[in-house]
Amino acid sequence: MLDLLRFGSQGWGDEMAWGAAMTVAVAVLAYAIGLVLGSLTAAAKLAGNAPVRALAGTYTTVVRGVPALLVIWLLFFGGSGLVTWVAAAFGYGGRVELSAFAVGVVAVGIVSGAYAAEVIRGAVQAVPRGQVEAAKALGMHTGLRLRRVIVPQALRYALPGLGNVWQMTLKDTSLVSVVTLAELMRQAFIASGSTRQPFVFYLTAALVYMALTTASEAGFRLLERRAERGVRRAVG
Amino acid sequence: MKTVFAAALALAATLALSACGKDEGKQANQPTAPAADNGVPNPLRVATEGAYPPYNMLDSGGNLVGFEVDMMKEVCRRIQVECRITAQAWDGMIPALQAGRFDAIVAGMSITEERKQAVSFTQGYASTPAYLVSAKSNPLQAEQYGLEKVNLDEVDATEQAAIDKVRAQLKGKTVGVQTATIHANFADKYLADVVDLRRYDTQENLVLDLQTGRVEVGLADAVAWEPFLDRPEGQQYGFFGPGFDGGLFGAGMGVAIAKGQDKLLDALNGAIASMKQDGTLKTMAEQWFGFDTSLK
Amino acid sequence: MDFDLIARSLPQLLSGAGLTLQLVGLSLVIGLALALLVALGRLSTLKPVAALTGAYVFLFRSTPLLVQIFLIYYGLGQFAAVRESFLWPLLREPYWCAVIALALNTAAYTGEIIRGGIRSVPFGQVEAARALGMGGALLYRRIILPQAFRQALPAYGNEVIQMVQATSLASTITLMELTGVARAIASRTFQPVEVFVIAGAIYLALNFVVTQAVRLGERRLGREAAR
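Residue numbers (the working numbering), protein chains in the order written: chain B, 1 to 236; chain W, 1001 to 1296; chain L, 2001 to 2227.
Just so you know, not all the hints are guaranteed correct.
Non-contacting residues of chain W with respect to chain L, defined by C-beta distances greater than 12 angstroms in every case (computed) [to be verified]: (1) 1043; (2) 1139; (3) 1141; (4) 1159; (5) 1160; (6) 1161; (7) 1246; (8) 1251; (9) 1252; (10) 1261; (11) 1262; (12) 1279; (13) 1286.
Computed footprint of chain W on chain L; a stretch qualifies when at least three of its residues, placed anywhere within it, have a C-beta under 8 angstroms from a C-beta of chain W [to be verified]: (14) 2075-2085; (15) 2185-2192.
Just so you know, the hints here were simulated from the structure itself, not pulled from any lab data. Every residue, glycine too, gets a C-beta built ideally from N, C-alpha and C.
Chain B extracted, bound-state conformation (with noise of 0.2 angstroms):
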């Protein structure tokens, strides 16, 4: 059974190897634009206006509640057909394409984004009013406010909803295998049909995503505790 996992033109080892690689690539891409959208939303929703709050309600209401595969399977018919038009609005006539690794990072993107968002405006909220208030009878102005005060709390407090949101958003990246991206899930897909192995080719699948949340969530670990250095704490 093992040599089906061998390297090279004779074994699977090769492209599934790829394939883990191509995960973290559309995971670690996906997660960058979801922490974006995420501080964006979290932003329009404490301090946009209501037109601005009620389009970020909307973005995370609607997000959270369809499904991932929906998301990245409209996207990945609609796509397209959405940025031509968008590009056509800023005066740009020619036909814009997404391929198949676009669709499948702004896809998972846009749903790690809507959690992102949850987080970041609970971790912000957490940081205690007062202290704003004494920063502003400081004078000091707001962005210094939000960059002396508020961000290095609120990313204490928001580094392990952000590290789920990872997980997820590492794990979500399987869904990406429908609109065929030869990502992980999709070469152990394609292998196992070859080969009429399915086990293997998925245990190993399982295997490698195994390793890739336990080795993030020690990282994430290790930034916890280098976030909290000097903070003092009831227990413990």
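Guided by the hints, dock chains W and L onto chain B, whose structure is given.
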């Protein structure tokens, strides 16, 4: 933290680019070069499934191979464009073609009236009937169905009797087809009210479940069954009942392109016709199928 | 928007939504029962029990549900030993494979939610109950679990919504639930965007109902607590 993130981004970008060098990961829609004078896009972005042996499949090197892959490479050589063939999910192919994700579909797609509403087809390049398969030990195999072949263009009394016999025999059984195929259409029309119909995303997964016994009977293209029936584990399985063609099975398999691309259609038709004429298509069919399936 | 398409596909989509609800309901019931065992196992003082349930939670939370579904459906079906076992009547049906995968998956997440709820019950209450002569099952039934569930309800509400969406993956193993039906209609009508938008709207409606139900439950539990 910043450097780690930058490094991760760089890694991701490198992977995204380098993965394009592989067939399966290759993006179907890199910016298309301006069309040549003859109105044919170059490179020509071609979609196939990669899970429908021996028409098209992926080998363990991740490369697309098969009858249609060879045929399309030759077509592209003759119309002097670069072929960029990629694997796509079967049931989303026509919408994706319409959305401009690629220029042509070569995926064992039969020319049917329904599909002609949405896309244009070249002339047919292969035609094989549909067959039912079950385990050889299944009593279905011993039955007499009266006919070798049912042509659905004009169903006469004996053909109707054969269809009725098949319906009666399959009653209450689980039957597997690949989703969004002519075989699924046939099952919808003639079998759905009496059998438990299961739709698979690929022919390969249908075969897997035929082997586990989750489906008792499968319906698919005769040639698409061969790679399985030729394998050691396929020896216990065999065809039964009549073969089906004509009618909703359409007029053979053709290359599908978006509507209104007349120059591309002419170019493809010309290349396929010349391959029929000089025997290239016949040679390829014999190489991949063991017999000639080309339409005259 | 193509209203004709909506009118034609809506009945099929709604019947698909019926199967979605069935899958959600069944896997939630089984999952919740399992989750309770998982939570108690994780808190058990017996080392092997705690380790075993811990490994279970780790396995199911660290891999994508799609892999779990494929591993159970295609992976297990590959072995003659499985096909000859007493489990095969269940595992041969895509319906039960989906329910099993979904239930095992939600049990891992819900188990952790319940464990968190149990740990949030102040120890003083346990001491007080013990002082009144309560112990074992009665202590759990009367004191610990009611409070643990109340504590866990908001998180569990989120888990239920996640489950509604997770059932969409059942479409990958031939089940014609909401997403499966949408996919079939899209490939037949060649109008995927419209069909997926309608399906998305139905999911949103389902989630709205679930959210309201959870809120109602929270209010009820809150009232009982206030008495």
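Do the hints match the structure? See the list:
Chain L leaves residue 1043 of chain W outside its interface by the beta-carbon criterion, the shortest separation being 25 angstroms against a cut-off of 12 angstroms. With a least CB separation of 19 angstroms from chain L, residue 1139 of chain W remains clear of the 12 angstroms interface cut-off, as annotated. Chain L leaves residue 1141 of chain W outside its interface by the beta-carbon criterion, the shortest separation being 21 angstroms against a cut-off of 12 angstroms. For residue 1159 of chain W, the shortest C-beta to C-beta distance to chain L comes to about 26 angstroms, beyond the 12 angstroms cut-off, and the non-interface label holds.
Interface exclusion of residue 1160 of chain W from chain L stands, the closest Cβ pair being 26 angstroms apart, more than 12 angstroms. With a cut of 12 angstroms on Cβ distances, residue 1161 of chain W stays outside the contact zone with chain L, its closest approach being about 30 angstroms. At roughly 21 angstroms, the least C-beta separation between residue 1246 of chain W and chain L is larger than 12 angstroms, which holds for a residue marked as non-interface. Residue 1251 of chain W, annotated as away from the interface, keeps every beta carbon of chain L farther than 12 angstroms; the closest lies near 19 angstroms.
Residue 1252 of chain W, annotated as away from the interface, keeps every beta carbon of chain L farther than 12 angstroms; the closest lies near 21 angstroms. Listed as a non-interface residue, residue 1261 of chain W keeps its Cβ farther than 12 angstroms from every Cβ of chain L; the least gap is roughly 17 angstroms. Annotated as non-interface, residue 1262 of chain W keeps its C-beta farther than 12 angstroms from every C-beta of chain L; the closest such distance is 21 angstroms. Distance check on residue 1279 of chain W: its Cβ is at least 36 angstroms (rounded) from any Cβ of chain L, clearing the 12 angstroms threshold; non-interface status holds.
At the 12 angstroms boundary, the C-beta of residue 1286 of chain W stays outside the reach of chain L, the nearest C-beta of that chain being 33 angstroms off. Coverage of the region 2075-2085 of chain L by chain W holds. Counting CB-CB distances below 8 angstroms, 3 residues qualify, and the rule asks for three or more. Here's how the region 2185-2192 of chain L fares: 6 of its residues keep a CB closer than 8 angstroms to some CB of chain W, so the rule of at least three is met and the hint holds.
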